[in-house]
Amino acid sequence: QAMDEPLRVWMAGHTQEQGVELGTALIAEGLPLDRLLLIAAGSARVLTSSQEGSQIELAALEPGALIGEMSYLEGRPPVATVIAGADCRVIALEHRRLTEAMAADPALACAVHSLFARKLTRQLVDQNSFVHRWRHTSAGLVRELKLRAKRAASLEGPCMAILAKTQSLTPVVRVGLFTKAVLAPWR
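Using the working numbering, the first residue of the sequence shown is number 57, and each one after it goes up by one.
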């Protein structure tokens, strides 16, 4: 993401780039965070936990990505975990130092908030695009499910007839006949 000059100048004198090992958590979901991170090189993955406890990947981050801005703005722990990818290098901006610097320098404050606004706007655009794609995809899935339910309802009579005619056969043979006669058209 493009940075305004006051922020670039402040970062040059107050931050340091550091390497991060592959798989290292840059931020952890639910744990307090005292810094913003900017990916200088490499990549990172954004993950969250499902209700069942599995990890769901939300996004892949590239150089220039800002991490932790919502925690900074809202004063709360992160709602996702960010894991370093290969060759990841980050720049840390400590909350306290950044807040103090912005209070003393309105141009810096404007540059930081402009960076936040650009990032959050990009996220909203991406999420809106995803919702619209999903809405159209889900409408197609609903149509397909309705069609399959209609087909299944039309098979109820033939299924019952096959089951009635095969009462005396073993369960394995009945299942085989049923599968051949009724389910074969679905394959």
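Hint data in this document are derived by calculation from the structure and do not stem from the laboratory.
All residues carry an ideal CB built from backbone N, CA and C; glycine is no exception.
Among the clues, some could well be false.
Stated by the list, open to error - With beta-carbon atoms standing in for the labels, derived distance ranges:
| hint | residue 1 | residue 2 | range |
| --- | --- | --- | --- |
| 1 | H169 | E200 | 43 to 49 Å |
| 2 | G86 | D161 | 16 to 22 Å |
| 3 | E130 | A159 | 38 to 44 Å |
| 4 | T155 | E200 | 51 to 57 Å |
| 5 | R64 | E200 | 17 to 23 Å |
As the list claims (entries may be wrong) - EDC-like cross-link-like pairs, simulated, lysine to aspartate or glutamate; straight-line CA separation at most 20 Å:
| hint | residue 1 | residue 2 |
| --- | --- | --- |
| 6 | K175 | E61 |
| 7 | K206 | E125 |
| 8 | K175 | D60 |
| 9 | K175 | E200 |
| 10 | K175 | E113 |
| 11 | K175 | E108 |
Contradicted hints - numbers only: 2, 3, 5, 7, 9 and 11
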